[in-house]
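Participant: Given next are the chains, with one letter for each unit.
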Amino acid sequence: MQTGPSGKLNRRAVVRALLADRGELLVIGGLGAPAWDITDAGDVPENLPLWGGMGGAAMMGLGLALAQPARPVLVLTGDGEMLMGVGALATIGVRRPKNLAVVVLDNEHYGETGMQETHTRHGVDLAGMARAAGIGDARLLRTADEVQALRGAVHAMAGPLFAQVKVDEASERLVLPPREAAILQARFREAVLGAAAHLQ
Amino acid sequence: MPDAADTDWPDQIYDLLKAHGIRQVALVPDAGHARLIKRCLADNAMKVVSLTTEEEGVAMLFGAWLGGEKGVLLMQSSGVGNCINMLSVAVAHRTPCPMIVTMRGEYGEFNPFQVPMGQATPTVLEAMGTLLNRADRPEDVAPGVDATLRLAFNTFRPAATLLGQRLLGAKTFGR
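Chains as they are written, first to last, in numbering that gives the first Met the number 0: chain A, 0 to 199; chain B, 0 to 174.
Quick caveat, the hints were computed from the structure, so don't treat them as lab data. Owing to the predicted nature of the structure, the values given are computational and were not obtained by experimental measurement. Virtual Cβ for every residue (Gly too), placed ideally from N, Cα, C. Some clues are possibly wrong.
Chain A side only, calculated, beta carbon under 8 Å to chain B, not exhaustive [to be verified]: (1) A66; (2) M128; (3) F187.
Computed list of lysine-lysine pairs in DSBU-like fashion (alpha-carbon distance at most 35 Å, straight line) [stated by the list, open to error]: (4) A:K97 <-> A:K165; (5) B:K17 <-> B:K170; (6) B:K17 <-> A:K97; (7) B:K37 <-> A:K97; (8) B:K37 <-> B:K69; (9) A:K165 <-> A:K7; (10) B:K17 <-> B:K37; (11) A:K97 <-> A:K7; (12) B:K69 <-> A:K97.
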C-alpha cells in the first residue's frame, strides 16, 4: 500500500482498500477530504459524501445503522470532524449497533482551512477515547496489513467498531461529488429502499 | 385535581408518534418530556437514543431517513441553540426533521440563564428554515404535533412544535 513523504499511509490508498469489493456496505464520508476520498474510490449512490454538518458524521452513521441493521455501515471521517462531535462516541458506545464502524483518517490537521494542527497532533488519543466510551473494538492503525484486517472487521458486523488510521498529511487531488445534497440523499435512499423511497 | 384532559397530552403525543410510524426517538431529557420519554422507552418498536448534545439528534434523524426510518427529536428550548448549524444538513438535503421542544425562559421562569435562549428559540429556528407552531393549552398539543409531523414528512424540511411553559408549568426550585 502506498505511503506518503512522512512514511505514513496514503489516505486514498487506505480508502480504496476499505471500499474494495464493498458488497452491501453503506458509506458516509465526513466533510472535507474524506468526502473527496470516498468519491475518488467510486462515486456510487451508496455513498453519502457530506458538504457540511461538521461534527455530525458519526451520529448520521448511528441513525443509518439503526435503520438498516442487516447492512454494514461505515463512517469515514477526519480527525477534526470527529473531535467536533466527540460526544457521539459516548452515544454510540451506549447504543452499540453491531453494524456500525467509524473510521477516522487522522492526518492531525484541518486540511481544508490551511493545515492547522488538530488535537491529535498533540497526543489526543481518539481510539482510547472511543474505548473508554464503551466501543470495545477501538483500534489505532499504522500499517497496510492492519487496514486489510479492518476491512474484514467492517464487513463482519461484530461492532460497534472504531478505528483511527494515521495517514500522511499531503493533500490529494480534489475529486468532488455532486454538490446538490437533495440528489445525494435521494439517490442513496433509492439505492437502499428502491423506488418506494420516493413515496415514503 | 386537574382534569385528565389537561394532563394526558404526553400520551396524545405518543399516540401521534405511533400513528406516523416514528421508529427513532432522539432526545436530551427535559422534565416536560418525562412522561412521553417513559412511554417511548416502554415501546420495543421505538429506538430511543439519549444524546450528549441536541445537534447529535439532527444528524441522527438524517441517518435514519437515509435508511428509510422516521425519527423525532425531543428537547428543551436551550437545546435548540445547540442545533443551529446542524440544521443546515436537513435544509440542504431536504430531510424531514420534526422536533418537539419544551419551552423554558418565558411564562414564570425562575432561572435567568433560561431566558436568553428561550426567548430566541422561535427566531433561531425560523432563521434556519424551520416551520413552527406553538401549544400553550392542552387542547392545542395534539393538533400542533400532528401538524409538525405532517409538515416535516410531507414537505421534507425541519418543523417544530413549541410546548409553552404555561402548559408545562414553571420550575420554581421550591421558591
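Participant: Now, for every hint given, state plainly whether the structure supports it.
Facilitator: Now for the hints, and whether the structure bears them out:
| no. | hint | verdict |
| --- | --- | --- |
| 1 | A66 | holds (3 Å) |
| 2 | M128 | violated (13 Å) |
| 3 | F187 | holds (5 Å) |
| 4 | A:K97 <-> A:K165 | holds (24 Å) |
| 5 | B:K17 <-> B:K170 | holds (29 Å) |
| 6 | B:K17 <-> A:K97 | holds (26 Å) |
| 7 | B:K37 <-> A:K97 | holds (25 Å) |
| 8 | B:K37 <-> B:K69 | holds (19 Å) |
| 9 | A:K165 <-> A:K7 | holds (7 Å) |
| 10 | B:K17 <-> B:K37 | holds (14 Å) |
| 11 | A:K97 <-> A:K7 | holds (29 Å) |
| 12 | B:K69 <-> A:K97 | holds (21 Å) |
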